[in-house]
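Engineer: Add chain E to chain P, keeping to what the hints say.
There are 2 protein chains.
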Amino acid sequence: MIDLFIIKVGGNVIDNPVLLQAFLEKFATIPGKKILIHGGGKIATRIGDQLGIESKYVDGRRITDAATIDVVTMVYGGLVNKQLVAKLQAAQCNAIGLTGADANIIPATKRPVKEIDYGFVGDVKPEMVQTAALKALLEAGITPVFAPLTHDGKGQILNTNADTIAASLAIALSASYQVRLIYCFEKKGVLRDPQDDNAVINLINKEIYQQLLDEKVLTDGILPKLQNAFSAIDNGVKEVLIGHADDVLSNTTDKVAGTLIC
Amino acid sequence: MIDLFIIKVGGNVIDNPVLLQAFLEKFATIPGKKILIHGGGKIATRIGDQLGIESKYVDGRRITDAATIDVVTMVYGGLVNKQLVAKLQAAQCNAIGLTGADANIIPATKRPVKEIDYGFVGDVKPEMVQTAALKALLEAGITPVFAPLTHDGKGQILNTNADTIAASLAIALSASYQVRLIYCFEKKGVLRDPQDDNAVINLINKEIYQQLLDEKVLTDGILPKLQNAFSAIDNGVKEVLIGHADDVLSNTTDKVAGTLIC
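Protein chains in written order, with full-length UniProt numbering: chain P, 1 to 262; chain E, 1 to 262.
Same shape as in the complex, but just chain P (with noise of 0.2 Å):
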């Protein structure tokens, strides 16, 4: 029976203000505990942007230099994350807003420099999580709502990915309760085809899996996800469900929209 609901959002859901407010409706009705992780979205690249801080690129990858990180801790921290608390308290949803810094539930390390400096970007792993402050405020009825930025423990904020935070806080958690770890995109599912927006594989388990590797139908966009999804599953995660924003919250664990992996 999954009693903790953690959910990652996207920004393609952010940017847009009508699928936003559909969206924070739907999470707020959710019963019981439940966690919410965020993307950015564009409106840090926009206000890097007026700000005149250029966005810089090494093999297609972002690097957060010092000015970057200023932006997206205002931005993602502060305007993005206290919009979504605001609202959703609004929605009778008691939220809280944090980074990982915040009661030092995320700490991380910063990315070492090989080949390319990343810049202030944050690698987190699992059994980093100090969950002992998040179960509190879980257990007294309030939704922890995280922007993608953890801590180094060393006074620097980092940047990190919103789906890494939220595979990482659903692992940590699979020991205290039984986790559903949600992945809203763009797609409804994994598609059998890509060309089908309909072609929801809805189960997919290690030998089916396999089949598809095999099948060669999984497309370079899914499969990262999918392997993430399997790596939750192996470290305690129950149930991995990946979807679109406007299916995937409309069921609580009887009917399933979206590609369920366990």
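Hints should not be assumed to be uniformly reliable.
Unchecked claim - Now the stretches of chain P that chain E is said to cover, found in silico as 3 or more residues with beta-carbon under 8 Å:
| no. | stretch |
| --- | --- |
| 1 | 9-19 |
| 2 | 198-207 |
What the hints assert, rightly or not - Heads up, simulated PhoX-like pairs for lysine-lysine below, C-alpha to C-alpha not over 20 Å straight-line:
| no. | chain 1 | residue 1 | chain 2 | residue 2 |
| --- | --- | --- | --- | --- |
| 3 | E | K125 | E | K154 |
| 4 | P | K154 | E | K125 |
| 5 | E | K110 | E | K154 |
| 6 | P | K135 | E | K135 |
Said to hold, decoys possible - Partial pick of chain P residues on the chain E-facing surface, computed with a CB cut under 8 Å:
| no. | residue |
| --- | --- |
| 7 | D70 |
| 8 | H151 |
| 9 | N161 |
| 10 | Q211 |
| 11 | L212 |
| 12 | L213 |
| 13 | V217 |
None of these hints come from the bench; they were simulated from the model. Given the structure is predicted, the values throughout are model-derived calculations rather than measurements. Glycine residues also receive a C-beta, built at the ideal position from the N, C-alpha and C atoms.
Structural biologist: What follows is chain E alone, placed relative to chain P:
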């Protein structure tokens, strides 16, 4: 016996990295339960300017329009608040960064439009403060750090005076704790002679306050602070301490620098 310290630090410290670091190191060493409330500082004005958002004033009072509330939500609730949290974590203080929207701790009323429309400004009353989550955090050894932001319960973040937030939290929590409320400002305390920075009056009770009023010793700058202080005392706060950030955290409860109001 004081068992909760509530400390407000203003923009003059926030804006100065050297003063700020010294302040945070002292703050981190205060034993037991404590809460920090920070003002905004000039960085919001600077970032607003860079974003082309004009600061608007009516009769010398700042107006918080829609663009400005977004800037202060970013800067106060994100950049300043989360940097303070990361630095306090580095100083072994288990801080959690909050606004009044988080866990619905400080619901506020948007200031009614009369002669002036102040925009997205929230007025707070001590009886509106929701202390349950706050007490749970304090009891868990976590130190709340508040940005000067509240919310209207209908999804809107509101700009709120940090001194007022500090006093409201102090009064609300005085039902559960023996509270010392500390206002850090640029002077060493209430001065008998405004020209002499060392002429600090160490203790003011109601009798001395009346004498000082009769002697017209008090300047316009200090009067509202004293009125707020006595209002806090009248509503259950044990002590109010006013002084310089360098001094007022050096003592815990025995020796007192600055001006103690009781």
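Engineer: Could you check the structure against the hints above and give me the numbers of any it violates, in ascending order?
Structural biologist: 1, 2, 4, 9, 10, 11, 12, 13
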